[in-house]
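Chemist: Since the structure of chain A is already known, use the hints to place chain B on it.
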Amino acid sequence: MSSRSRLDLLQGTLDLLILKTLALGAMHGWGIAQRIQQMSEDVLRVNQGSLYPALHRLEAAGWIVAEWGASENNRQAKFYRLTKTGQRQLREETELWEQMAGAVARVLKAETI
Amino acid sequence: MHPRFTHRFKALRDGFAMDRELDAEVRFHIEMETEKYVRQGMDPAAARTKALRNFGPMEKHKEEVRETRGVSWLEHLTQDLKYGVRTLIKSPGFALLAIVTLGLGIGANTAIFSVINGVLLKPLPYDNGDRLVLIQQTAPLINRPNFGVSINELYDYRAQLASFEGIVEFHQMNFDLLRRGEPDRVATGVVSPNFFDALGIKPILGRAFVDTDDDEGAPAVLILTHAYWQTKFGGDRGIIGQVFQMNDRPHTVVGVLPPVPQYPNEVDLYMPTSACPFRAAAERQVAQNRRPFLVQVFGLLKRGASPATAAAEVATVAAHFKRDYPDVYRPALGFHAQTANVLEQLTARARELLLILLGTTGLVLLIACANVANLALARMLRRDRELAMRSALGAGRGRLVRQLLTESLVLAVAGGAFGLLFAWSTVDMLTKFVERFTSRTGEIDIDPGVLVFTLLVSVVTGVLFGTFPALASRIDVANALKSGGKGTSNTAGRHRLQSALIIAQVAVSVVLLVGAGLLLVSLYRLQSVDPGFKPERVMSAEVFGNFTKYPDALATRTLYLRLLERLERASGVISAAVTNAVPLSGLQPGQARFQIRGRTYDTPDARPTVDVRVASTKYFETLGIPLLRGRSFTELDHENAKNVGIINEAMARHWDGVDPVGSEVSFDDGETWGTIVGVVGDVKAFGLDREPIAQLYRPLRQGGHIAGRALVRMTGDPSAATTIIRDAVHSIDPDIPIENVRTLDEIRDRYLATPRLTALLLSVFAGLALLVTITGITGVIAQSVSQRTQEFGLRMALGATQKSVLGMVVGQGLWLVGSGLLLGMAGAAAFARVLKSYLYGTTPTDPMAFAIVSIAFVTAGALACLGPAWRATTVDPMTALRAE
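Protein chains in written order, with this note's numbering: chain A, 1 to 113; chain B, 1001 to 1884.
Chain A on its own, in the form it takes in the complex (with noise of 0.2 Å):
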């Protein structure tokens, strides 16, 4: 894998993509990066090291809530669970998200001169 492929998430994309994840249900920390690796086809590639500090900062800002639990393994993990506020923020944010990306595509597909 060149390290082309594997884009470092700007701040902001992170809690989205994380935000989404839980959407689809409960996840601890390594599960979360995992599906997003899988999700994007080993495209987008979590930096572990500020998946943490995201994942506590989205605890604090009340959007998602964590509780112990038994992992596929059978270990005990931390899950991440989606709030009704966390909810409203994804959406919130998809739209932005769509919005800006819409912008820079049409930037982007312009003809030069």
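Derived from the structure by calculation, the hints contain no laboratory data.
Cβ coordinates follow ideal geometry from the N, Cα and C atoms, glycine included.
Treat the hints with care, since some could be wrong.
Claimed, not checked - Subject to a maximum C-alpha distance of 30 Å in a straight line, what follows is the list of computed DSS-like cross-link-like pairs (lysine-lysine):
| no. | chain 1 | residue 1 | chain 2 | residue 2 |
| --- | --- | --- | --- | --- |
| 1 | B | Lys1036 | A | Lys78 |
| 2 | B | Lys1036 | A | Lys20 |
| 3 | A | Lys20 | B | Lys1062 |
| 4 | B | Lys1060 | A | Lys78 |
| 5 | B | Lys1618 | B | Lys1534 |
| 6 | A | Lys78 | B | Lys1062 |
| 7 | B | Lys1202 | B | Lys1122 |
| 8 | A | Lys78 | B | Lys1082 |
| 9 | B | Lys1050 | A | Lys20 |
| 10 | B | Lys1684 | B | Lys1836 |
| 11 | B | Lys1060 | A | Lys20 |
| 12 | B | Lys1050 | A | Lys78 |
| 13 | B | Lys1534 | B | Lys1684 |
| 14 | B | Lys1062 | A | Lys84 |
| 15 | B | Lys1232 | B | Lys1432 |
| 16 | B | Lys1432 | B | Lys1122 |
Unchecked claim - Residues from chain A that face chain B, not an exhaustive set, calculated with beta carbons under 10 Å:
| no. | residue |
| --- | --- |
| 17 | Asn47 |
| 18 | Ser50 |
| 19 | Tyr52 |
| 20 | Arg57 |
| 21 | Trp68 |
Claimed, not checked - If you want the footprint, here are the derived chain A segments under chain B, 3+ residues with CB under 8 Å:
| no. | stretch |
| --- | --- |
| 22 | 16–30 |
| 23 | 76–88 |
Modeler: Below, chain B alone, put in the same frame as chain A:
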């Protein structure tokens, strides 16, 4: 509750639980990641390494997580505290030295501050203390500040001052209190009946005086002070209603005061004005006389009255006195009246000294700070690797500085705790010392205010000395890790900082040492002063006959003549005398104006003044005062003979070189004349540091004074005279109290105790400063030597002698001492000026003190360097070079 808030709250509550959770979470992550790689076919160890590498700098990430919690400062603090205490425990030598050094500095400041707080800062413990002023009359032109107020003037002030709601009087008299056992001569405050109400002092037992106590023929009553009640009656609560004989009248105790400071004098008990025979006599003369200026006056301002207006009113009333009675308030007096603050007057003599002491201890603390900063800097050199490691693991520079400051604060607070112990154990000693300067020492205590002060000083101290190592913590990580702890790129900068600190320490120590040196030189000179008499083997005692029994000069004279006769018959007595003033016992000089027959004076105020004393025939012999010309007093100088006097050399100077023996002087405008029959040597009667003033002695049998002091010169141990005097007095009259039985050496020692203690106190602080500074120098030089081991090895290999290496190291130390000395001398000159009023025969720039301090410091500095220097010479060149 807002989720953010709950989160924070939760974080705050279980900060450490969350840390553990985070660890578990991260561990889980790494395990999952490792398993993933193992499933992909990697070997477990390699998989784990890869997982760890993927995660990145773990501590840094954890730190970032902690910071998102928003309460991390508190956790940092607890973490830093734990870490700080741990590292300090790991270097107990450094910690102990720092804590003791700081503790002594903080402790000295705490002790002095607790005294300042109790003496100068706390409001007077009188309910009306804030509205109370003194009304004082002064005659500056004849050098009589606060000479008192007469009864007549008191009544005028009462009638004319509008801003006051109460004007009360005080004067002190000594009376004989007769009770079970030995008669007791008690210092008695004679006061207006509403005196305690005006001041706002409520008795703790019984009642205060009431107006009817002052009525003609009212039963005589007494109020005891707390101290007298405790010492003489053991705090007996049954004292109220007890009757004592005083001035040949029964006096009933009606109250006991709380322990409050008293102004202007500490007395044993109080009586209302009507009970004092002297006050009554003055009262009878009110109509025809504006003198004597017997009493001190307190005024209680009306609520809301301005002190400035009150002062102006007082000044105006006094100006009217001057206008209406020009013969009493002559222009030559410079008479005027003013108000004064009671607390300021009560503590006037202590204020300056206490502030000097606080300045001194402040400087000691600065030195202690510099020293600990230096120790910490030296320690930093060894900690470079540790700090670099932490920095590499993700600790930011701010985090490191915070860590270092926390360590400093831990040290400072521990030092503060030690300092409190030190202050607590020394404050009683200090209180005894301060009692010499003010009677307000009862409220000195290590109270919450003092504790706050100590905490503040500790924190400021910690920040002060903690800043230096923190500033020096800028670390070149790679270099520090590579160099194996032997010092890093900014070593040179740190050395400069250390040298600067040492120079500053030396300079400040020099200031203190010169101050102490000046006081010691001055004390030595004061102790060597010839007092003009020979105090050895002479005992003195106060023997006052109860004046109701011995009402006039004739009666007291008979008493004293009988006493002298008995004393001289006793075995072991060489000679005995009676006088009205024992030299150096704290009396103030009198100022009688006299004229010499045959001379004219422009005005009465142009006449010279003299201090008149009473001397029995063997007075000069007993005290060992040399007779220079003429003769001494004899039995023939009695009441019916011609008035005679003996003068001292200082008075003889008024005759401008002509022999005064045989000439006549008068004290009453030439109505009566006395002949000078002899000249004796000058005596430093009023203080070893005071130039002798003109004195004239009158024979006991001609003097109109109540004498009251017996002197006995013994062949051997003067303490034997105690019983001799007691037996002699009581064989004449068992009701006469014998007070202040002291040898003249004791009296001289008491006089010297104040300057001696002042010098001692400052010397202790200066010695502390010197000690701390010298250990600082040794430390810095030793460190420099150990860092230059290779250099010294090389030098020795190239042929440098031991002597030259020794010289190099000592020279380095002396350079520091020399620079500090020069700087310090300038500061010392300024400090010495503050001490000026405490110096005798010594100018603030006394070369002796400066020279002693310089020599002492250079010697001490050289000695401090010798140990490390010796180590430098014992470096084996081969070992040193190989170590590179």
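Chemist: Now, for every hint given, state plainly whether the structure supports it.
Modeler: Status of each hint after checking the structure:
1. Lys1036(B) <-> Lys78(A): holds (18 Å)
2. Lys1036(B) <-> Lys20(A): holds (23 Å)
3. Lys20(A) <-> Lys1062(B): holds (24 Å)
4. Lys1060(B) <-> Lys78(A): holds (20 Å)
5. Lys1618(B) <-> Lys1534(B): holds (14 Å)
6. Lys78(A) <-> Lys1062(B): Roughly 15 Å between the alpha carbons, so the hint for Lys78(A) and Lys1062(B) holds.
7. Lys1202(B) <-> Lys1122(B): Holds - the C-alpha atoms of Lys1122(B) and Lys1202(B) are around 19 Å apart, at most 30 Å.
8. Lys78(A) <-> Lys1082(B): holds (28 Å)
9. Lys1050(B) <-> Lys20(A): holds (28 Å)
10. Lys1684(B) <-> Lys1836(B): holds (21 Å)
11. Lys1060(B) <-> Lys20(A): holds (27 Å)
12. Lys1050(B) <-> Lys78(A): Roughly 23 Å between the alpha carbons, so the hint for Lys1050(B) and Lys78(A) holds.
13. Lys1534(B) <-> Lys1684(B): holds (11 Å)
14. Lys1062(B) <-> Lys84(A): holds (28 Å)
15. Lys1232(B) <-> Lys1432(B): With Cα atoms ~21 Å apart, Lys1232(B) and Lys1432(B) stay inside 30 Å; holds.
16. Lys1432(B) <-> Lys1122(B): holds (19 Å)
17. Asn47: With a closest approach of 7 Å, the Asn47(A) hint holds.
18. Ser50: holds (8 Å)
19. Tyr52: Holds. Min distance 5 Å.
20. Arg57: Nearest chain B Cβ about 5 Å off; hint holds.
21. Trp68: holds (8 Å)
22. 16–30: Held - the stretch 16–30 of chain A has 3 residues with a Cβ nearer than 8 Å to chain B, which meets the minimum of three.
23. 76–88: Contact hint for the stretch 76–88 of chain A vs chain B: holds, 4 residues under 8 Å.
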